[in-house]
Amino acid sequence: MMRERALAVSRSSGHMTMAIAGTIVVLGAAAAIFAPYLAPHDPYEVDIVNKLQGSSWSYPLGTDHLGRCVLSRLLFGMRVSLGASSLCIALTFVISLVLGMASGYVGGWFDQLLMRVCDVLLAFPKLILALALVGTLGAGMSNLILAIVIVQWVSYARIIRGMVQSLKTQDYILAARLAGTSHARILLRHIAPFVLPQMVILLAVDLGKVILLISEFSFLGLGVQAPAAEWGMMINDSRPYMLDHPALMLYPGLMIFVTVMAFNKLGDGFRDQLDVQAANKGRGWKRNGSGSSRFIRSKSKHSALDKQQM
Amino acid sequence: MAGYVLRRLIGVIPVLAGLSLLSFLLLHLVPVDPAEAALNLSNPGASEEAVQALREEMGLHEPILAQYGTWLYKAVQLDFGTSLVSHQPVGQELGQYLPATLQLALSALLLLLVMSLPLGILSAVYKGSWLDRVIQFIVVSAASVPSFWIGFLLIYLVSMQLNLLPLMGRGDWTHLVLPSSTLALAYASPLIRLLRTGILEHQHQPYIQAARLRGISNPKRMGKYVLKSALPPVITALGITIGHLLAGTVIVESVFAWPGVGRYLVESVANRDYPVIQSYVLLMGTMFILLNLAADLMCAALDPRSRLKEGVLP
Amino acid sequence: MKFKRLSMTLMLLVAMMTAVGCVSSSDGQPKGKSTESKAEEGLLTMSWNKDIGPLNPHLYAPNEWFAQAMVYESLVNYGENGKIEPSLAESWEISEDGKTYTFHLRQGVLFSDGTALTANQVKRNFDAVLQNAKRHDWLELIAEMKQVEVVDEHTIKIEFNNPYYPVLQELSLIRPLRILGDAGFPEDGSTAEQIKAPIGTGPWVLKAYKKDEYALFVPNEHYWGTKPKLKQVKVKVIPDAQARVMALQKGDIDLIFGSGQLSPDSFKSLQDSGNYQTAISSSVSTRVLAIHSNKGATADLRVRQALEHALNKQLLIDHVFYGIERKADTLFALELPYSNVALPPYDYDMEKAKQLLDDAGWKTEAGQAFRMKDGESLRLQLAYNSEEHVQKAVAEFMQGEMRKLGIEIELIGEEYQTHVQRQKEGSFNLIFSETWGVPYDPHSVVASMREPSHADYQAQSGLAMKPEIDQWITEALISTSEARRAELYKQLLTTLHEQAVYLPISFTTHTAVYHDRVSKVEFLPMQYEIPFHSIEVRP
Numbered sequence: 001m002m003r004e005r006a007l008a009v010s011r012s013s014g015h016m017t018m019a020i021a022g023t024i025v026v027l028g029a030a031a032a033i034f035a036p037y038l039a040p041h042d043p044y045e046v047d048i049v050n051k052l053q054g055s056s057w058s059y060p061l062g063t064d065h066l067g068r069c070v071l072s073r074l075l076f077g078m079r080v081s082l083g084a085s086s087l088c089i090a091l092t093f094v095i096s097l098v099l100g101m102a103s104g105y106v107g108g109w110f111d112q113l114l115m116r117v118c119d120v121l122l123a124f125p126k127l128i129l130a131l132a133l134v135g136t137l138g139a140g141m142s143n144l145i146l147a148i149v150i151v152q153w154v155s156y157a158r159i160i161r162g163m164v165q166s167l168k169t170q171d172y173i174l175a176a177r178l179a180g181t182s183h184a185r186i187l188l189r190h191i192a193p194f195v196l197p198q199m200v201i202l203l204a205v206d207l208g209k210v211i212l213l214i215s216e217f218s219f220l221g222l223g224v225q226a227p228a229a230e231w232g233m234m235i236n237d238s239r240p241y242m243l244d245h246p247a248l249m250l251y252p253g254l255m256i257f258v259t260v261m262a263f264n265k266l267g268d269g270f271r272d273q274l275d276v277q278a279a280n281k282g283r284g285w286k287r288n289g290s291g292s293s294r295f296i297r298s299k300s301k302h303s304a305l306d307k308q309q310m
Numbered sequence: 001m002a003g004y005v006l007r008r009l010i011g012v013i014p015v016l017a018g019l020s021l022l023s024f025l026l027l028h029l030v031p032v033d034p035a036e037a038a039l040n041l042s043n044p045g046a047s048e049e050a051v052q053a054l055r056e057e058m059g060l061h062e063p064i065l066a067q068y069g070t071w072l073y074k075a076v077q078l079d080f081g082t083s084l085v086s087h088q089p090v091g092q093e094l095g096q097y098l099p100a101t102l103q104l105a106l107s108a109l110l111l112l113l114v115m116s117l118p119l120g121i122l123s124a125v126y127k128g129s130w131l132d133r134v135i136q137f138i139v140v141s142a143a144s145v146p147s148f149w150i151g152f153l154l155i156y157l158v159s160m161q162l163n164l165l166p167l168m169g170r171g172d173w174t175h176l177v178l179p180s181s182t183l184a185l186a187y188a189s190p191l192i193r194l195l196r197t198g199i200l201e202h203q204h205q206p207y208i209q210a211a212r213l214r215g216i217s218n219p220k221r222m223g224k225y226v227l228k229s230a231l232p233p234v235i236t237a238l239g240i241t242i243g244h245l246l247a248g249t250v251i252v253e254s255v256f257a258w259p260g261v262g263r264y265l266v267e268s269v270a271n272r273d274y275p276v277i278q279s280y281v282l283l284m285g286t287m288f289i290l291l292n293l294a295a296d297l298m299c300a301a302l303d304p305r306s307r308l309k310e311g312v313l314p
Numbered sequence: 001m002k003f004k005r006l007s008m009t010l011m012l013l014v015a016m017m018t019a020v021g022c023v024s025s026s027d028g029q030p031k032g033k034s035t036e037s038k039a040e041e042g043l044l045t046m047s048w049n050k051d052i053g054p055l056n057p058h059l060y061a062p063n064e065w066f067a068q069a070m071v072y073e074s075l076v077n078y079g080e081n082g083k084i085e086p087s088l089a090e091s092w093e094i095s096e097d098g099k100t101y102t103f104h105l106r107q108g109v110l111f112s113d114g115t116a117l118t119a120n121q122v123k124r125n126f127d128a129v130l131q132n133a134k135r136h137d138w139l140e141l142i143a144e145m146k147q148v149e150v151v152d153e154h155t156i157k158i159e160f161n162n163p164y165y166p167v168l169q170e171l172s173l174i175r176p177l178r179i180l181g182d183a184g185f186p187e188d189g190s191t192a193e194q195i196k197a198p199i200g201t202g203p204w205v206l207k208a209y210k211k212d213e214y215a216l217f218v219p220n221e222h223y224w225g226t227k228p229k230l231k232q233v234k235v236k237v238i239p240d241a242q243a244r245v246m247a248l249q250k251g252d253i254d255l256i257f258g259s260g261q262l263s264p265d266s267f268k269s270l271q272d273s274g275n276y277q278t279a280i281s282s283s284v285s286t287r288v289l290a291i292h293s294n295k296g297a298t299a300d301l302r303v304r305q306a307l308e309h310a311l312n313k314q315l316l317i318d319h320v321f322y323g324i325e326r327k328a329d330t331l332f333a334l335e336l337p338y339s340n341v342a343l344p345p346y347d348y349d350m351e352k353a354k355q356l357l358d359d360a361g362w363k364t365e366a367g368q369a370f371r372m373k374d375g376e377s378l379r380l381q382l383a384y385n386s387e388e389h390v391q392k393a394v395a396e397f398m399q400g401e402m403r404k405l406g407i408e409i410e411l412i413g414e415e416y417q418t419h420v421q422r423q424k425e426g427s428f429n430l431i432f433s434e435t436w437g438v439p440y441d442p443h444s445v446v447a448s449m450r451e452p453s454h455a456d457y458q459a460q461s462g463l464a465m466k467p468e469i470d471q472w473i474t475e476a477l478i479s480t481s482e483a484r485r486a487e488l489y490k491q492l493l494t495t496l497h498e499q500a501v502y503l504p505i506s507f508t509t510h511t512a513v514y515h516d517r518v519s520k521v522e523f524l525p526m527q528y529e530i531p532f533h534s535i536e537v538r539p
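Protein chains in written order, with my numbering: chain A, 1 to 310; chain G, 1 to 314; chain P, 1 to 539.
If you are wondering where the hints come from, they were derived from the structure by calculation, not from laboratory data.
From a predicted model like this one, the values you see are computed outputs, not experimental measurements.
Hints may contain errors.
Sample of chain A residues with no beta-carbon within 12 Å of chain G, all distances over it, derived [as the list claims (entries may be wrong)]: (1) Leu38; (2) Ser56; (3) Ser58; (4) Arg79; (5) Ala102; (6) Phe110; (7) Asp111; (8) Lys168; (9) Arg177; (10) Ser182; (11) Phe194; (12) Leu196; (13) Ala204; (14) Ala226.
Label-pair distances were calculated between CB atoms; the ranges are [said to hold, decoys possible]: (15) Pro246/A - Leu290/G: 36 to 46 Å; (16) Glu85/P - Gln52/G: 47 to 57 Å; (17) Glu45/A - Leu290/G: 47 to 57 Å; (18) Gly323/P - Pro246/A: 19 to 29 Å; (19) Arg326/P - Leu290/G: 52 to 62 Å; (20) Thr364/P - Val134/G: 56 to 66 Å; (21) Leu290/G - Tyr60/P: 33 to 43 Å; (22) Ala197/P - Gly69/G: 35 to 45 Å; (23) Leu290/G - Gln165/A: 23 to 33 Å; (24) Asp374/P - Pro246/A: 42 to 52 Å; (25) Val106/A - Thr70/G: 32 to 42 Å; (26) Gln161/G - Gly22/A: 29 to 39 Å; (27) Asp272/A - Asp374/P: 56 to 66 Å; (28) Val106/A - Asp79/G: 40 to 50 Å.
Ideal Cβ positions, reconstructed from N, Cα and C, are used throughout, including at glycine.
Extracted from the complex, chain A is given alone in its bound form:
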């Protein structure tokens, strides 16, 4: 009884947090889209005479070491972070969906091969693998996105494979097979609808992590190249001025923090809801062996460790 009430309380506070996080994400996305209209200045306009200024009416957050407007650069940085991370996630989604479904549905040697590849790719920290890939391919945003996708797709493909494998043996799929439904139709009509929503949430949850990863690479000078405005790079650029102008370092860091935090909170909330839904539906699923929520949950345990993998 007590526990239930505590749960109810925590759930309502959870809704609150989710609402705040959602608002931040929506505002952020809007800022990214409308950055050219919102920014008070051209983020690339160099004005060396006005460098390292404090905040003023014209420059609300002051100027950087080249006299560029910090606020405008932060706004445009939102574009890079959200844009690049969304692109990463979208590519990861497509690749892991195709490979995961194929592997789970077809099975056989293809499945074996893919799983061995997964074993190897999961055998070491993603940060290392991504670094090695960017290191060999060369620094730059497109190579970075490529590297992130290469290290990202594995764990999702695995989850999808597991889901497909268990769905495949469900009675209604077997029945559909017997009725002569084609494989493509089964995949599209009977399997994809179960897999897709879960995947969308899982990937959305990881958006924050990808933003962090991109900023880390830009900090190391391996991501976005100058003069593009990117938060990680802005922090790196502000290093030489840390002592006299600490604010230059503070703003972009806060931007990363708030954005990633919002995505993480949102992700946690989605996951909890998914768990609750699964618990409500639980009985029906469990009879048939295993439900997709189990995979999500096992993934969520795994994903507790994911931040480290990045």
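Take the given structure of chain A and dock chains G and P to it, following the hints.
Okay, now just chains G and P, sitting in the frame of chain A:
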């Protein structure tokens, strides 16, 4: 138990083989010919014959599998080739930088344990209280903050404003405090979370309830029964975490100018020193796999049930 | 029972970790007073951005100049105003035809291990360098050197192919012709890869060293010259410029010295604080951008000239350099030998730059951010050394300024090695370069313009008159007529200026910032040396 150990040991072999293949293939991703890359650094504008000669010398004309064999044979003997920049053996250079990185990672690990064990237990025991919420907030924040930024904030506040600790570089133990805290903080939240969920799950197990009914006191119940059951997943996670701590040094070493393999890697990436990148991946991957193996074996020793997870018994 | 096993395992784990932790932390660092021992008498702690390297006197990076100069000496010294002074050679004679030099070695000079300096040892060093001649192809002296002959125990004769005029200047260089002791040579006698031990005749000896952390030098007790006042010099490796500043502020180090060790912003902020002694040297070399005359849009002379006119140097000098570096309009400072040639500077003139670009066919088009020609956008690569704060700042300024002109600048920031590599390969439109300062300027710099593995050669490779340029240089270096040489230099410098293959930016200087306890910090004629012999410290 012996059977389990053997199975796990054998299971590692294909993964190690795959890892070595992957590191080997990395060098073949390079947009330029490896022989040309090597030659350009010492002698640009070299003749076509010189490039050909070096290709022969490097064995690049052989079939790729043979190249892999030769490379692996050498790598097993700890011969990782020569750095394109310093012309020193890569193994030797990595060896020089490795102690600094291990020192950083291990002290971060100690800090991590000191930090996350009490926080995880407290937040589980006082679940739902303000203390739990504060801890939860810290956990989510730590997972959302870029570690390099935290590093700079610490440098600015602790080193520069308060003048308490040395700024950067490696020296006596005081130099270790800031970098290892930064590193530990970056990886604390998953561990705290895991511990909390673990304890909460086990708290309501029948045997714990039975212990409560038998009147076993709260702290004892906590220590003897709950914690013990909640620990194995944490140990597994620790095995992974040590690996990640080692990887995370790449960022932290760059922030604190710590002379370890991480910074060496970043430098080599900037200098396009491919043999170094390749060896680093091999080294870190191997360490990571072995640490995971060690953690699994330790868990198996603690909790016989986990030996069954391999799916040998139904 | 099980609980026992658990606690045992845990204890074992902790014990293991502590053990490893102890082992890894106990290596290196001498116990006891390990780091800041300010109280230690006569100790000067200086920061440097990188490791001093293996101290091989016959090789280049990663060996650091100043450290090589502390340990090793050459036959002659480069003194004030370019005067050549005796060093290991007490005196010398030059033959009538200018092709044979005979050096008389100083008697009683000992290496730091106590062995004596002999003519044989000098020859051994020269031979080792000649064996590796390919590595030194930038240095005309090596190419001109025919043979080295031992006359007697303290006399050595060097024969040259041509009457090469800057022999003595180049013998005074910090590398590659300084003298290594017998015990420093590897078994096979070749120093091309490594040496066995850093044994020289110089005033300092390396006492302790931990790669990428620090190097500790103490005076060489066998040193023949005036012994330094300092008892110890500790060089701390601090790669990050801001960290060097903070280390100085915290008192971890006493001195920051050199070029590029401090950003102009930091220098100004330290100077303004009034808590430190600061000094700026006179100009040491020229900071230029080399413009590739055979690559992409910069192959067009008009584009190169437009770039020359488009850079507002005065703004850079005032707001990036804060006057620490003077504005440069020529490749070499006018006071250098043969360099006082009247050349009309390219003034800052945006309109003219625009006109030149229009003439070259690069037009602004509606809806395009950058100028276009034949459907291609005007995009230039500008490469800089990412370790050099100033280069980055200038590059970013340039990027912003050129954008206003409709030129897109792609910045390529790389570490030193890769940057040098790019200079050699010529894969750039614009690249940062510096002349080498005395005693190299101007002759060694112009000599190297003939080497394909130099940025200068690459930049000039598109000029129609490049073969003539190389001929003028060769003739100037071995001409025995002073007037002819001056004329050739004039021809060369005028052509390079007119063809706009260099965009001179500023004359670099060295800066020094130090605590009050340090005194007698002066700047030496050779830019890479640090005046440890004169510096004094109060406890």
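Hint-by-hint comparison with the structure:
Distance check for Leu38/A against chain G: the nearest CB is about 24 Å away, which clears 12 Å, and the non-interface claim stands. Every Cβ of chain G is farther than 12 Å from the Cβ of Ser56/A; the closest lies at roughly 24 Å, confirming the non-interface assignment. Consistency note on Ser58/A: stated as away from chain G, and its beta-carbon is indeed over 12 Å from all of that chain's, at 27 Å minimum. At roughly 18 Å, the least C-beta separation between Arg79/A and chain G is larger than 12 Å, which holds for a residue marked as non-interface.
For Ala102/A, the requirement that its beta carbon stay farther than 12 Å from each beta carbon of chain G is met, with the minimum near 20 Å. Its beta-carbon lying about 17 Å from the closest one in chain G, Phe110/A satisfies the requirement of being farther than 12 Å from that chain. Chain G leaves Asp111/A outside its interface by the beta-carbon criterion, the shortest separation being 15 Å against a cut-off of 12 Å. Under the 12 Å C-beta cut-off, the non-interface status given to Lys168/A relative to chain G holds; the minimum distance is some 19 Å.
The Cβ of Arg177/A sits about 27 Å from the closest Cβ of chain G, beyond the 12 Å cut-off, so the non-interface label holds. Residue placement check: Ser182/A keeps its beta carbon more than 12 Å from all beta carbons of chain G (closest about 33 Å). In this structure Phe194/A is separated from chain G by more than 12 Å, as the shortest Cβ-Cβ distance comes to about 24 Å. No beta-carbon of chain G comes within 12 Å of the beta-carbon of Leu196/A; the shortest separation is about 26 Å.
Distance check on Ala204/A: its Cβ is at least 15 Å (rounded) from any Cβ of chain G, clearing the 12 Å threshold; non-interface status holds. With a least CB separation of 15 Å from chain G, Ala226/A remains clear of the 12 Å interface cut-off, as annotated. Look at Pro246/A against Leu290/G: about 42 Å separates their beta carbons, and that is inside 36 to 46 Å. Under the hint 47 to 57 Å, the C-beta atoms of Glu85/P and Gln52/G, about 50 Å apart, fit the expected range.
The given range of 47 to 57 Å is respected by Glu45/A and Leu290/G, whose C-beta atoms sit roughly 53 Å from each other. Taking the beta carbon of each, Gly323/P and Pro246/A are about 26 Å apart, inside 19 to 29 Å as hinted. For the hinted restraint 52 to 62 Å between Arg326/P and Leu290/G, the CB-CB distance of approximately 59 Å keeps it satisfied. A hinted range of 56 to 66 Å for the beta carbons of Thr364/P and Val134/G is consistent with their spacing of about 59 Å.
For the hinted restraint 33 to 43 Å between Leu290/G and Tyr60/P, the CB-CB distance of approximately 40 Å keeps it satisfied. For the hinted restraint 35 to 45 Å between Ala197/P and Gly69/G, the CB-CB distance of approximately 39 Å keeps it satisfied. One distance hint, 23 to 33 Å for the beta-carbon pair Leu290/G and Gln165/A, holds here, with the actual separation near 30 Å. A hinted range of 42 to 52 Å holds for the C-beta pair Asp374/P and Pro246/A, which are about 48 Å apart.
A C-beta distance of roughly 36 Å is found between Val106/A and Thr70/G, which places it inside the suggested range of 32 to 42 Å. At about 36 Å, the CB distance of Gln161/G to Gly22/A agrees with the hint of 29 to 39 Å. Between Asp272/A and Asp374/P the Cβ separation comes to about 59 Å, which falls inside the hinted range of 56 to 66 Å. Distance hint check: the CB atoms of Val106/A and Asp79/G are about 42 Å apart, consistent with the given range 40 to 50 Å.
Going through the hint list in order, the structure satisfies each hint without exception.
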